[in-house]
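K.L.:
Starting from two chains that each stand alone, build the complex the way the hints lay out.
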Amino acid sequence: MKRTRVPAPAAAALAVVCLLAAADTLVVKVQTTPLRQAPQFFAPTVAALKVGDKLELIATQGAWRQVKTAAGLTGWIHSSAAEVPKFTLMAMSGGTKTEASAKEAALAGKGFSKEIERNYRAKHADVSFVWVDKMAALAVPAAQVEDFLKKGKLGEGRSSQ
Amino acid sequence: MSARRPFAFAVLFVVLVGFAASSALAQIRLPGKIGDAAQKAKDAAKIIKIVRNGFGDITEEEEYYIGRSVAALILSRYPVFDKPALTQYLNTLGNAVALFSDRPEIFAGWHFLVLDTDEVNALAAPGGMIFVTRGLLLRCPDEDTLGMILAHEIGHVVAKHGLQSIKKSRLTEAFTALGAQAAEAYGPAELAQVTSIFEGVLSDIVEKLVVNGYDRKSEYEADSLSVKFGAATGYDPNGLLRFLQTMVGDSSTVSGKGWFKTHPTPEDRLAKSKAEIGRLKVTPALEEVRTPRFKQAMALLK
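Quick note, the sequences are listed as chains G and F, same order. Residue 116 in the numbering used here sits at position 116 of the first sequence, and the numbers go up by one each step. Residue 54 in the numbering used here sits at position 54 of the second sequence, and the numbers go up by one each step.
This is chain F alone, in the form it adopts within the complex (with noise of 0.2 Å):
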């Protein structure tokens, strides 16, 4: 019986799914029996509406160019660590690490960048644009704890968690904006109406990102998907440990930004990861040979 019910269960969703794809689909005049004008526009925003309903529908190049929007007003926030080297050493780092993540190739690939503050922070825009602080290095034993950072950020872009804090009601106004008209290019008045909707989506990110941090189920989330990638790559899982044991008891890292009211506390978040490298069948061990070139990148943060 118990073994028959999830069976049974597939069925039945496959046969709604089935259901609601066809009765949706019968009600859109496909191309090939033309209307006029206006019910082709009417069609159009069904097949949009269809299309396209929640935040896994945005599609990658619209995800880059939210992403690069955010990338903007975090760069007006604060100002860029600028040593070529140390960006360069961060890059193949991070691009090394999100080879073995789930999203391995993203629309115009990862990219990381130091902010010159000496906030512990680190923030990934959508589309794989990612932030650390000069803070946040300067707490890095490893090279290991760094590339368990970067895979907690790949992980938040991997789960977009950037586009889930979109708000729906916005999301469900910029599908059928974008959908209400058969043009094929913006006129004026669609244009402003999409950059306004554009400037909410923004700030929606921005507010979570920057302003009130994640909660605790995305957090969480990303921190399981750091072991996972993290140790996939080669580095020892528990240097993302030992970065958060930095954090226990320390206000500075969330000082004045209100994050204590979502985001989980470190002792949390340890516990967490903890029981998650527990799980994992193979754990890499922390390498030596990394200890020179990471050095050799941290002397540039003096």
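Isolated chain G, as found in the complex (with noise of 0.2 Å):
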């Protein structure tokens, strides 16, 4: 078999996606989620995480990621609810050990937030958000699902033909 020389640029690209990848820090990206004992949806709760609480990564099982907090617990998150930040990759392929700036990661959030949605509705008093707020106050404890799945069969009991 051949073997394939990479070009010596081509290397240095090569390099800054590795570090890209090999980033090991993870940010919160949903407005709470547990921090659970094992990777299980069910698991007991160690601690409640909130959007853009930072988490150093230790491991990863399918789609479950073993992180520890700033205050230093350690448990398990899904990944869906975390994201690798993208002012942390920005700083690593900078060249120098750089961090974006609290601003700049401020400016990064800006976007359609509670403050637009504010200004909608003051410009458009005909449309109602009473049911929208009632509705995202539906809440379903883990606990209701858990015993939903168990009790239909579905989940972990689930049958098949």
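Mixed in with the good hints, there may be bad ones.
[Claimed, not checked] Selected chain F positions facing chain G (in silico; Cβ < 8 Å):
1. 75
2. 96
3. 198
[To be verified] With a Cα cut of at most 16 Å, we get these calculated EDC-like pairs of lysine to aspartate or glutamate:
4. G:150 to F:287
5. G:150 to F:288
6. G:151 to F:288
Since the hints were derived computationally from the structure, they do not count as laboratory data. Keep in mind the model is a prediction, meaning the values are calculated, not measured. A virtual CB, placed ideally from N, CA and C, is assigned to each residue, including glycine.
P.N.:
This is how it looks when you write it as structure tokens:
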């Protein structure tokens, strides 16, 4: 088998990409998510994490990520609750060890927000958000979902034909 | 030769992406090399352009706020069928299916509501606010069918079909406006500009969702995700076929909506979904144990 020679610039680019992929920081991207004792939805909760919380990635198991919080707590989160922060990627590939300033991070987070909704609502008094707020407040406790799955022979207890 | 080609493409791709990223980043004066305010604003705008350029770069929080307003506009067209026990059942079922989707965790959770209309329809706003009509519930013969329908709507949200209907030019305008000023808070002019872009975003999505309906590609993808998520939950995926079957030859489900233009026919969806189900390694069966709670919830429709 012929060896493939990778030219130096390509190797450098590869290194950049590898560095990006190796980033071991995650940031919570949902409003709240439980830090769980085990990589399962209904595992006991260690702590409640909130949007923007920085986490250190320890291990990966399927769609689950074992992480450590700034407070030193260790547990599991589902991969859909967190992402690799883009500013970490940029700081790492900048050549010098720089951190994006808090100001720029805030700027990046500036977008369609609560403030924009407030302004939109002020302009459109005819569009009611009463049911939207009621809908957003509908909460189903994890134990209720677990019970629903179990009693309906769903989830872990599902059958096949 | 053929075995090496994918590798060569992969290397080429990595090299191109690497070069693109490094050359773009090289133009930016990163924090630490402090310039004047104007320069900082320019840099910030460049950062935003690199960081955000497509619908996939809309943050979860933005998706949620877009979704809330889309939901408000849907709710301005239809009244709510307000039966707390039915709403509770629907939300428990929906959250159970969402757990087995590719996006169990979403910014502010998954929420479901029944709309009081005879129309047979289901709508998913970005961010996980999902609506089903009373007319649709009356067509569901069993919990598994309803589970598959909710899995289809969850599929639309997971695949971000709502966000994909935002015009590309609108997104570019949004990201440029959002990155234009290096201020931490919106100034009055900027707030007005971003709000007007926000209105445009809402109209793009509502037009697709409520007026025209999704195109064939999005519907087939949502059906495919329905089979994947529904079967993973443990529901009989044939429930999707049972529902689609009721739509064959029934023009009332699409009446006056002009959906025929872009929406696939139930026959086409049936054929594709049948093939999708055939590819499942394990096909869950319908369980009678779920019948009493389903019947109890549906009795509330009367």
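K.L.:
Hints first: check each against the structure and report whether it holds.
P.N.:
Hints, one by one, checked against the model:
no.	hint	result
1	75	holds (5 Å)
2	96	holds (5 Å)
3	198	holds (5 Å)
4	G:150 to F:287	holds (12 Å)
5	G:150 to F:288	holds (14 Å)
6	G:151 to F:288	holds (11 Å)
When the structure is compared with the earlier hints, no violation turns up for any of them.
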